[in-house]
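**Student:** Residues per chain, in single letters:
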Amino acid sequence: MTASIDDLDKLVSGTPNRRTTLPQRTPTPPDLKPRRIGGFRRSDVLSLVGAAIAGFGVAALLFTLLPFSGWLGFLAVAYLAFVALYAVLVSLDEDFSAVKDRLAAVLIHSLAFTLLMALIFVVTFTVIRGWEALTNINFFTQDMQNAGPLDPLTAGGILHAILGTLIMITIALAIVIPLGVACAVYMNEIPGPFARFVRTISEAMTALPSIVAGLFIYASLILILGFDKSGFAAAMAISVMMLPIIIRASDVVLRLVPGNLKEAAYALGAGQWRTVWHVTLPTARSGLMTAIILGTARGVGETSPVLLTAGFTAALNVNPTTGPMVSLPLATFEFVKSPEPTMIARGFGTAAVLMFLVLILFIIARIIGGRGPGNLSKSQQKRRAKRSREDSQRFTKREASRVASQEALATPSSSPRSLDFGDSS
Amino acid sequence: MATTFLPPRHDDDAAAVEPREVTTTRSKSDRFFRGGVSASGALVLLIMALVGVFLTVRALQALSQAGFSFITTQAWEPDGGNFGIAAVLSGTVLIALTAIFFAVPLSTGVALYISEYSPRKIKQTLISLVDLMAAVPSVVFGLWGFFFLQGQIIGLARWISTYFGWIPIFSVEGSDPNDPLSTATVFTSSTFIAGIVVALMVAPITTSVMREVFSQAPVGEREGAYALGATKWGMIRSVVLPFGKGGMIGGTMLGLGRALGETIAVFMIISPVFVFQPHILQNGTNSVSALIALRYGEATPFGTSALMAAGLALFIITLIVNFIASSIVARSRSGAATDG
Numbered sequence: 076m077t078a079s080i081d082d083l084d085k086l087v088s089g090t091p092n093r094r095t096t097l098p099q100r101t102p103t104p105p106d107l108k109p110r111r112i113g114g115f116r117r118s119d120v121l122s123l124v125g126a127a128i129a130g131f132g133v134a135a136l137l138f139t140l141l142p143f144s145g146w147l148g149f150l151a152v153a154y155l156a157f158v159a160l161y162a163v164l165v166s167l168d169e170d171f172s173a174v175k176d177r178l179a180a181v182l183i184h185s186l187a188f189t190l191l192m193a194l195i196f197v198v199t200f201t202v203i204r205g206w207e208a209l210t211n212i213n214f215f216t217q218d219m220q221n222a223g224p225l226d227p228l229t230a231g232g233i234l235h236a237i238l239g240t241l242i243m244i245t246i247a248l249a250i251v252i253p254l255g256v257a258c259a260v261y262m263n264e265i266p267g268p269f270a271r272f273v274r275t276i277s278e279a280m281t282a283l284p285s286i287v288a289g290l291f292i293y294a295s296l297i298l299i300l301g302f303d304k305s306g307f308a309a310a311m312a313i314s315v316m317m318l319p320i321i322i323r324a325s326d327v328v329l330r331l332v333p334g335n336l337k338e339a340a341y342a343l344g345a346g347q348w349r350t351v352w353h354v355t356l357p358t359a360r361s362g363l364m365t366a367i368i369l370g371t372a373r374g375v376g377e378t379s380p381v382l383l384t385a386g387f388t389a390a391l392n393v394n395p396t397t398g399p400m401v402s403l404p405l406a407t408f409e410f411v412k413s414p415e416p417t418m419i420a421r422g423f424g425t426a427a428v429l430m431f432l433v434l435i436l437f438i439i440a441r442i443i444g445g446r447g448p449g450n451l452s453k454s455q456q457k458r459r460a461k462r463s464r465e466d467s468q469r470f471t472k473r474e475a476s477r478v479a480s481q482e483a484l485a486t487p488s489s490s491p492r493s494l495d496f497g498d499s500s
Numbered sequence: 002m003a004t005t006f007l008p009p010r011h012d013d014d015a016a017a018v019e020p021r022e023v024t025t026t027r028s029k030s031d032r033f034f035r036g037g038v039s040a041s042g043a044l045v046l047l048i049m050a051l052v053g054v055f056l057t058v059r060a061l062q063a064l065s066q067a068g069f070s071f072i073t074t075q076a077w078e079p080d081g082g083n084f085g086i087a088a089v090l091s092g093t094v095l096i097a098l099t100a101i102f103f104a105v106p107l108s109t110g111v112a113l114y115i116s117e118y119s120p121r122k123i124k125q126t127l128i129s130l131v132d133l134m135a136a137v138p139s140v141v142f143g144l145w146g147f148f149f150l151q152g153q154i155i156g157l158a159r160w161i162s163t164y165f166g167w168i169p170i171f172s173v174e175g176s177d178p179n180d181p182l183s184t185a186t187v188f189t190s191s192t193f194i195a196g197i198v199v200a201l202m203v204a205p206i207t208t209s210v211m212r213e214v215f216s217q218a219p220v221g222e223r224e225g226a227y228a229l230g231a232t233k234w235g236m237i238r239s240v241v242l243p244f245g246k247g248g249m250i251g252g253t254m255l256g257l258g259r260a261l262g263e264t265i266a267v268f269m270i271i272s273p274v275f276v277f278q279p280h281i282l283q284n285g286t287n288s289v290s291a292l293i294a295l296r297y298g299e300a301t302p303f304g305t306s307a308l309m310a311a312g313l314a315l316f317i318i319t320l321i322v323n324f325i326a327s328s329i330v331a332r333s334r335s336g337a338a339t340d341g
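Taken in order, these protein sequences are the chains called A and B.
The numbers in the working numbering rise by one with no breaks, and the one at position 143 of the first sequence is 218.
The numbers in the working numbering rise by one with no breaks, and the one at position 128 of the second sequence is 129.
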């Protein structure tokens, strides 16, 4: 109690003055800009462009002076020279770790560029080689029955393959969608050791090579049960291949449905069936559609199960139960076996049509899916908003009627109809 | 009145009262629903089991006759009793390994680019593009490999065999670098070309698994690395890659499983031989699925049984690879809660 606050202050700061002093401010020069910490500097761009030009130059020099040849070798030499020169340029004004960072960035960018370009090239190559066939309208409206290998592209088409693919995939989907989705619902709704067993087995079956699925149907349905090679057998083979894929994808999607949504439904007194039908499946709808469509895209493009089970025909056959039927990938495969350039062009055209089909399926999947459970599309949001407005109108109406009935209850002369007791009847 | 009345408590009785037994009486529609989905689960199990059992039973006929020589024999003459999967299985594995050798660096690069380097605007487009590429039919890749790549890659194959021929797998019999008239056909239809085509097919799948895991690397640790002065590559090496290791291995194994089972693209490119072919640049190789596609039509019942045995062997291998892959991926994933 002897030391006053002033003494303490003196002890700490050594001065009796307790006022805060602000440091002298130097006025900011008006032309000082904040330092940029991201993005490219001019030296980065210059060293990149310089190294690229120099690398190209080195390769060109080597290929004119020395007996090298081939565009692949030229690109490889140019790229290696570019990387080496870029490292040297960066190391002129940066330290070692910065050099490593730049080289890693260059490497990753070029790997990504290479793979994406290669994939895009595969697709465009097919379209370009098949363009000749695709520009003829008869390619889509005729079958190959009356067109021999030597006929020009103005005769014959792939109508039989297009229809065959559509018929096969429709039969396969009619089997796979109900069975696959129901099985995924089973694994999520009735958990237990048996459900776990089913899940393990169906996951194991995703490893089944598609040709083995085809071989299974070939040996069982065709060799033992005596069915013809037909569109139906091919659809069965595709189903066996697609079923595990669809089950696995639907299972993942259904597992993502928030548990509290289902619990809310149970708490409101809904049964399990009502909850699944009105809460779980609608919430997971976009994800389920995506799973199904992506599975369909896989199934449409498979050649090997169809090769073993569908047989081959050049004629249009829309009856899946009798006679051979052909699908787009199988038709591609059979076309390019021929040495004739027109047949090869037809093969590429067929492959382009197949890719177009896959692309359409994929775009549909992106439009429907790509949204998490519970995220609604615009039209869905509008519908919800409308329903919500109707509900609120209904509530205000009910509130008004309740107030009216209470007023009526308060006055003894009210009619018994407005009494809202449960036992008033 | 807002007062809550608590019932008087009888502490003596509390011990005697058993907790009420909660029983659920399911409505008719619920029982029907549970029965229906259980039946579909059982049906799926039945189909899957049927495939497995049927394959095994049909394969046993051939396996019991061939015995252990099924694994060591290279020839495929089931009706002469001399058949085995030594040649086709080694070919399958070599093609798959070549594919993985090319696919892993490429997909790691693409996955890192998409998750770390790509501008935010095109990120979603790139993800969709990679997913779309995973859905491109294999026959399209086969066409490209046969009609385009084959002609372009011969120069590279010749170069490798000329300068690295002293490594046994790169040596090619019948090619003489000093003879300008030596034929190029020894370099066509090889394991190498089939491997590159399969690499392009499996790369999108591997990429999408890797990208998924890379993008889950915790933001706090990334920023921590930057705060300690790491460059971008330093951050990737010390945070993203260690975090994504499980996903990288799992994605690679998934790709390997797909590469092992690939049929039509390989079938279009290779020229089948029934001897063990360790020289990956040389014309002629084989794979189990190509063998099935080649021989199913002319097979006798016993020949079909032998093909079943080969298919079963392939299935078991892909099953093991997939199982390892999914367990690695599952272990690496963080158990993020999804309840909102």
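There's no promise every hint is true.
[Stated by the list, open to error] Derived lysine to aspartate or glutamate pairs resembling EDC-like cross-links, with alpha carbons at most 20 Å apart:
id: 1; chain 1: B; residue 1: K233; chain 2: A; residue 2: D170
id: 2; chain 1: B; residue 1: K233; chain 2: A; residue 2: D119
id: 3; chain 1: A; residue 1: K175; chain 2: B; residue 2: E117
id: 4; chain 1: B; residue 1: K233; chain 2: A; residue 2: E207
id: 5; chain 1: B; residue 1: K233; chain 2: A; residue 2: E465
id: 6; chain 1: A; residue 1: K412; chain 2: A; residue 2: E207
id: 7; chain 1: B; residue 1: K233; chain 2: B; residue 2: E222
id: 8; chain 1: B; residue 1: K29; chain 2: A; residue 2: E264
id: 9; chain 1: B; residue 1: K246; chain 2: B; residue 2: E222
id: 10; chain 1: A; residue 1: K457; chain 2: A; residue 2: E474
Don't read these hints as lab results, they were simulated from the structure.
**Student:** Does each hint hold? Answer for all of them.
**Tutor:** We went through each hint and held it up to the structure:
A hinted pair counts as satisfied when its Cα atoms are at most 20 Å apart, and K233 of chain B with D170 of chain A qualifies at roughly 14 Å. Restraint check: the Cα-Cα separation between K233 of chain B and D119 of chain A comes to about 15 Å, which is no more than 20 Å; the hinted pair holds. As the CA atoms of K175 of chain A and E117 of chain B are separated by approximately 16 Å, the hinted pair is consistent with the 20 Å bound. For the hint pairing K233 of chain B with E207 of chain A, the CA-to-CA distance comes to about 48 Å; that exceeds 20 Å, so the pair is violated.
For a cut-off of 20 Å, the pair hint linking K233 of chain B to E465 of chain A is broken: about 54 Å separates their Cα positions. About 18 Å separates the Cα atoms of K412 of chain A and E207 of chain A, which keeps this hinted pair within 20 Å; it holds. Of the supplied pair hints, the one linking K233 of chain B and E222 of chain B holds, its CA atoms being roughly 13 Å apart against a limit of 20 Å. Between K29 of chain B and E264 of chain A the alpha-carbon distance is near 17 Å, which keeps this suggested pair within the 20 Å criterion.
Under the criterion of a C-alpha separation no larger than 20 Å, the hint pairing K246 of chain B with E222 of chain B is consistent with the structure, at around 16 Å. At roughly 26 Å between alpha-carbon atoms, K457 of chain A and E474 of chain A are farther apart than 20 Å, so this suggested pair is violated.
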